[in-house]
Structure formats: structure tokens, C-alpha cells
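> Taken in order, these protein sequences are the chains called A and B.
Residues in the first sequence are numbered consecutively from 7, following my numbering.
Residues in the second sequence are numbered consecutively from 43, following my numbering.
Check before you lean on any hint, since a few could be wrong.
Below are the PhoX-like pairs computed for lysine-lysine, each with C-alpha atoms no more than 20 Å apart in a straight line [said to hold, decoys possible]:
no.	chain 1	residue 1	chain 2	residue 2
1	B	Lys467	B	Lys718
2	B	Lys754	B	Lys436
3	B	Lys436	B	Lys448
4	A	Lys17	B	Lys79
5	A	Lys10	B	Lys207
6	B	Lys58	B	Lys69
7	B	Lys467	B	Lys436
8	A	Lys10	A	Lys46
9	A	Lys53	B	Lys395
10	B	Lys52	A	Lys17
11	A	Lys53	B	Lys360
12	B	Lys79	B	Lys52
Listed next, the stretches of chain B that the computed footprint assigns to chain A, with coverage defined by at least 3 CB atoms under 8 Å from CB atoms of chain A [to be verified]:
no.	segment
13	195-204
14	366-377
Hints in this document: simulated from the structure, not taken from any laboratory.
No residue lacks a Cβ here, since even glycine has one placed at the ideal position from N, Cα and C.
Chain by chain, the residues:
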Amino acid sequence: MTIKFVLLVNKQGQTRLAKYTDSSLTTDERRALEAEIVRKCLTRVDKQCNFVEHRSWKVVYRRYASLFFLVGIDDEENELGILEMIHCVVETLDKWFSNVCELDIMFSLETTHHIIDEMIANGCIVETNKANALTPVQLLERVS
Amino acid sequence: MTLRLRDLIKQVRQCKTAAEERDVIAKESAALRQAFKEQDGTYRHRNVAKLMYMHMLGYPTHFGQMETLKLIASAGFPEKRVGYLGLMILLDERQEVLMLVTNSLKNDLNSRNQYTVGLALCALGNICSSEMARDLGPEVERLLASQNPYLRKKAALCASRVLRKVPDMLESFAERAPTLLEDRSHSVLLAGVTLLLDICAQAPQVVEAYRPHVPLLCRVLRSLIMGGFAPDYDVGGINDPFLQVAILRLLRVLGRGNAEASDAMSDVLAQVATNTDSARNAGNAILYECVQTIMAVESIGGLRVLAVNILGRFLGNKDNNIRYVALNTLARVVSVDAAAVQRHRGTIVDCVKDADISIRRRALELVYALVNEGNIRTLTRDCDAEFKPDLSNKICMLVQRYAPDKRWYIDSLLQVLVQAGAYVKDDACRALILLVVNAAQLHAYAARASYRALTANLAAAQPSLLMVATWCLGEYGELLAGSAGGKLLEGEEPVAAGAADVVGLLEAVLQRPSASAAVHEYALTALAKLEPKFGGQAQRIKGLIAAFAQSTQLEVQTRSVEYSRLFAHPAIGPQVLEHIPPLEESAYDASLEPGEGAAAAGGAAASSANAAADLAALLGLDAGLGGGAPAAGPLTVTFQLSKAGGDPAATDILASFSNSGDAPLEAFTLQAAVPKQMTLKLDPASAGALPPHSAGAVSQRLHVHNSLHGQKALVMRLRISYQLGGAPVLEQGEVSNFPAGW
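The whole structure should be built from the sequences, with the hints applied where relevant.
Right under this line is the structure:
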């Protein structure tokens, strides 16, 4: 029951953030994988379900305006739970950036990674409380 | 001087073509290399951040790996933060530089700053190799008992990775882990439950020791659903759904196959099932998990009814997500309680026609699992472009396995060939022909059915249909035309076709502009076969065949010329061109066996009995389970199974070979075959010859990956050849008695 990767992709299909916990893929394979998955997910319409099966993974995706959140999971994981988790991550990002948009994530890649790391570690959900997840990030902000 | 990160991103964004983007990155990479060479420490932080950006775009960044290590070793938190981020993103456990980071990690794990420790734990959990796990395991274990909840939760997740890498540390962690269940912080609890789940998955023997914690888990779960509003972890009015889901999953592992534990949790499961609000996604996530737990543990009947009702409600839901998980759960439940699933058959079959591919695929899997002798006749529907290959295969397989009678078999397969001929495998076509040959009373029917199928669909027919139909017409065409046609079968429409019509149809097949060489070959053979039987059409047939004497396709040309020569010998021609006699089915079995059916099919019983006699397959964990069967030959094969990595679907098999005879076994080779849902990789054997009276002197490793793990058991066929005293010996057999769960 693990999360294999987290991807943030814009409407044009460009990757804005990529995080893998499954280290079996090389850079080229990852790029190819991203292209395949993004093609599959972006062509779907709103009414269809938020899950796509790809190779041995399931991809749970959710769209927020022009940004797609894609999470790759194995067969054991609770798909609805992950869908809820994506929303939780987005709410946290929203709280930090106050109305998060694609540009925020692009230009503050490091902070975004930091926030997601506080919430999802080693492929498992670790923290779902927004305030708790943001405390270390806030501290870091104050220091630098 | 290198750019600022912001400027680099802006430049990349302004690029209009991929080539421009490559230029910008190449230029910046060169500048970065230069900066790294100069050992410039001031901008190191920024440079590594840029590397991460470039890595995300898919460009090579290996030249910067050392820089991340330097950042980790630096004192400031922001630098460390970027360093660890770079470590997690740019490196993985395969890289050797990773060895160098162990020391920095050790220092940071002992740091007094909780956030530094947190960073190190997070990074270790992401990239740790087995050497690092061995070195740093004790630190992680110490942090599990830390006073600080922030560290406890991170240490718990890190521990699961460490244990995956070094299973022998399991014992001490397994003892410590349950203390996390008494934690008051939700996130530590969540991480603790996750760790326990991971330990149970790796070491099933621990499950027993964890069962006493069931009441505690139930208490926590009950307080989550019954306790009042808790703002910290509230999701739409539901208290920490993530924790609830994790606890339900752990209960499932602990309750499986144990009546006492299942009994202890039944109350709380019923409470969750009845009290959870199904109007929200978070609530449905919990219900979804709860239903799976109820169905997996030894629940009482009433609870199961509750779960099945929830599934029924899910299946009728308008939200496609909910329907998807309902189908998913039903697929898992079908082996436990097939009757409950059968009740929803109508809805499931509707889902196969859904517009959403994910739902269609799930539904199809489920339909496949549901089909049996009783309901196969209802499995008639038109296929859908995306699923044709898969669907047509599955239909063929199901038809072969469950066909109630032969006529139905012929009808169904012809129908599949008409609708999705391009995707039907050769096996299925061959099996159909074989069946027709061996069913003497259906020869005329097969000819009529082929004639009908071909005339109705000539324009759009696929090669597979053309081949099967022309074969039947060639073999039994005279039954169609002559008076020997016999009575029509019940419900069959009469066919009005004379010899001229049959030949005309075959001519049309030959003249199709797109016909392939293989189709030409079939049609020529069919015409040749009909020549002695259709006296009146002989000249026309000869003309048609002779027309291909100049064909550029060698095989077609050969046939044309040879058949023409054959007609010149009226004494032997008709004998050569008689009906082919019934075929030995067993001779075809090897190629026809659908693979998956092997374990279930009755015919396989004989071969597994042989396997036991030929080949004693001792199966066991730690050589403890399973007894030896006496081997007839001097050769004994022993399988030792182990699970590779964390993937339950992958199995490593160590086959060791023993020779009890007095003579050496030379030129020894092992070949193995698995059904198509599995993949097999064979390493070379450690030696090519088995010395006399040796046990386990030669071994060979097999790696099996079962894509349907949990649904289909492992099964494989072995073929072993060797030379005993110069004489070649071949032994083969099937191994289908792998222990459950592998």
C-alpha cells in the first residue's frame, strides 16, 4: 500500500513537479511514463472516474483549474482515500500560497516539495493536518 | 556566472521549440559544471535547486551529485534542506556516491534540531540501501521512542523502508512498533499503523503476536467515529478518515483467518458500516475499506449482508468513482462469496458498456470471474474497439472452457471471428477446426455455418474468418451442395447453395484485393479438395488454381503448381484429397491449452500425476513445509521460494537438483513455462552436469512475476533434459501445488 509517485502537470501536459518513491525507473523511463500517463489522464472528461490504470499502477488524478494532480499507487491502496489526500495537499498548498496557482509551484518548487514531503513520506501519508504540515516550512521561511 | 533559478525558469518558459529549450539547458549545464569545478560555495544552494528543475524537465544531472552531498554536510538548515531534497530527487539507491552520505545522515539523525532529524529520516526513508539500513537502523529504532511526536511519526515510516531492506532487523522493531498504537497524536498513530501493516506484510509470523492489539485498535476506531467534532483532523465532518482507513486495513490483516480476532472487531465494524456518512468522498473511502475488511475476515452472516448491501448501493451510485471502487471490491469478494456478486450481474454487465474505460476494464475483469456453465449463454454482446483484443480472447477462452455443446461453440466462435476476427489468436482458430474435424455429425452444419458467415460478411471479413471458413468449405463443401447435406438443425435457416455457388464464393475470396498469401493458400487448398467432389465444376476449379501458377508468393505458387499436377493423376488425386481423419486431440493439446485453465481443467490431472511421478517437486519455506515424493528417476528437483523485494507478486525460486543415481547426468538443461499472466526469467544453471550421489550440487534461479497475484495461483510446467550414460532423457511435468499465497 504505497504511493509510487506524485506528479503535478499543467493543462498542456508539462510536468511542474515530480516526486518518485519508486526508484526502479531511470530518468528517461520517467519521462516516457509521464508522457503516457498525462496523455491518458488529460483526455478524460469530468464525468469519468478519477482513476486510470496504467501498467501495474493505478493513477488517481484530480483537476484543479489548469493544474492536474496525479498520484500513482499500487493495487492495495484505497483509491478514494488518495483522492481525499490530494485535496488535503491542495488545501495545504492553498493555505501557504493563498490561492495556489501554477506559477507559485513553478517558482517555489523547493517549498512545494518541502510541503509535500511533510505530508507524504516514503510513499505513505504522514500528516494530514494543515497547520502541522506547515510549521516546519514557516520556521524555515523565518530563518532565511 | 550562472543564472538565478527564477531567470532560468523564465528563459525556459520563453522557449518556443524543444530545440531552443535544449540550448538553454545545455548552456546552463555548462555554466553549472564550471561553477562546480571552481568549488564555488556561495551559490551551491541555488545551483542544486536548478539541477532539480532540469531533472524534472528530463535532462541529465549526474554531474551535480557530489554537490548535493556537500550541501548535506553544511551546517545551515536551508542548505541542508536543499541538499536532502537533491538527494531524494537526483539520486537513487543504485548510485555509489550514496555510500558517502551515510556519515552525514548519522550526524543529522543525532542532531538536536528536530527538523534536521526529520529531514534525515525523510531522506533515509526515500533512498536507503541495505548497507545504509544496516548502519543506521539502530538510530531509527532509537528515534521511534523519541519524546517528540514529529520525530516518532517520521521514524515509523523510515523504519518500514529500513526493514524492507534488512529483514533481519525485524525482530527488535516488531517488538517496539505496537507501542506507537498507544500514541495520542493522530499522525504518529497513522504512521504506527502503517508500520505495523508493513511488518505484517513482510513477516506473516508476527501477525499472531499482534492479534492481542485488536481491542486497542477497535477502541481507537470507535473513539474516532463516536467522539465529537475534532477540528484538527476533520475532513468534511468525518474525523480523520485516513487514520480510520489505515486501522480498518490493519484489522483486516489481523482478523483474516482467525475467528476470535474477527469476533472482537465485529461490533466496531458494524458501527463503522452503519454510522459513516456516505454523502462525502471521505465517508465512502472508509466504507470502501470497511466492506473489504468485513468480507476478508471471519465475519458473521449479518455483517456480510450489511457489507454486500453497501456494495449494492455503491454499484447503483451515479458517481463513477464510487462505481469503480464497487467493481474493484466485488472482484476481490468474488472468490469469497460468489453468490453475493452474482446477484449484481445485471448491473455489472451494464458497466461493461460504460463510456469510461477504467470502469469498463474493471467490469470486464469481474464478468470474466463470474462466468460459469450456468450463465455463459447470456454472455453475448457486441464488442468495443478498445477491448476487442482482450475481450475476444477472453470470450474464446470462456467458450472453449464452458461451451454447453459443440454447435454452440461453433456458432459463438464464428460470431467472434465475424466481429473481431483481427484479434482472435491462431490457437482459437485451430481449436475450432479441430473441434469441427472431430465432430462428424456437425460437418455439414459447419459447412453451412461457414457459408452463411462468409457470404454475409465477405466484404469486411478478417483473414482469420476467411481461413477458418474456407477450410470448412473445402473440407465439407460437398455436404452443403449435395443431397448428403442432412437435416437442418433446430432453428437453422436453410442454405440454398449449389456447387457453383461454393466455388464462386471461394473465387471471390481469392480475388479479394487485400487477401494475404495465407488466405490464398487456404482457398487454393479448399478448391483442390473440392475438385474430385464437384465433377461439374472441375474445369473451373482447375482454371482458378492454375491462375496462381505465376504468383510471386512462393508458397502460393508451389501449391498452385502441385495441385495442378495432382489433377493430372486421376488414380491418386481423389484419395489424396479425401476428408482428413479425426485428429488426436492430445497431439494438439500443447498448443491449444489456454494456460490459465491448466490447473482447473480435468485433463490436466493426468499430467500433474505424471509430474509427481517424474519429478518430485518439494516445495517449502525454509525446507520445513511439504514432504518429498519418491522420484522414479535419479533426478530430484527441490524448489525453495522467497519473495523478492517488497513486491508480493514477484517470487524468486531457487531450484536445486539432486542426483541419486550412480551415473552423472550430463548436458543438463531446465526449461520452464508459465501461463501468460506471469512472466518468467531464468538465470543460467550453476553447472551443466550433476555428479552422481549429489544433493543440491547444482542450482538454478527462476524469477516469476505474477500479474494476477492473489487471484491466480502460481503454476508452471517444467521440461528437463539431460544425458544419462550418453542416452538423452527428457522429463516433463507440471507444478501446480505451490503453497497458497505465493
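> Each hint needs a verdict: does it hold in this structure or not?
These are the hints, each one checked on the structure:
1. B:Lys467 with B:Lys718: holds (13 Å)
2. B:Lys754 with B:Lys436: holds (15 Å)
3. B:Lys436 with B:Lys448: holds (18 Å)
4. A:Lys17 with B:Lys79: Violated - the C-alpha atoms of Lys79 (chain B) and Lys17 (chain A) are around 39 Å apart, more than 20 Å.
5. A:Lys10 with B:Lys207: holds (17 Å)
6. B:Lys58 with B:Lys69: holds (17 Å)
7. B:Lys467 with B:Lys436: holds (11 Å)
8. A:Lys10 with A:Lys46: holds (18 Å)
9. A:Lys53 with B:Lys395: Measuring from Cα to Cα gives roughly 15 Å; hence the hint holds.
10. B:Lys52 with A:Lys17: holds (18 Å)
11. A:Lys53 with B:Lys360: holds (10 Å)
12. B:Lys79 with B:Lys52: violated (26 Å)
13. 195-204: holds (count 6)
14. 366-377: holds (count 3)
Violated hints, in rising order: 4, 12; the structure is consistent with all others.
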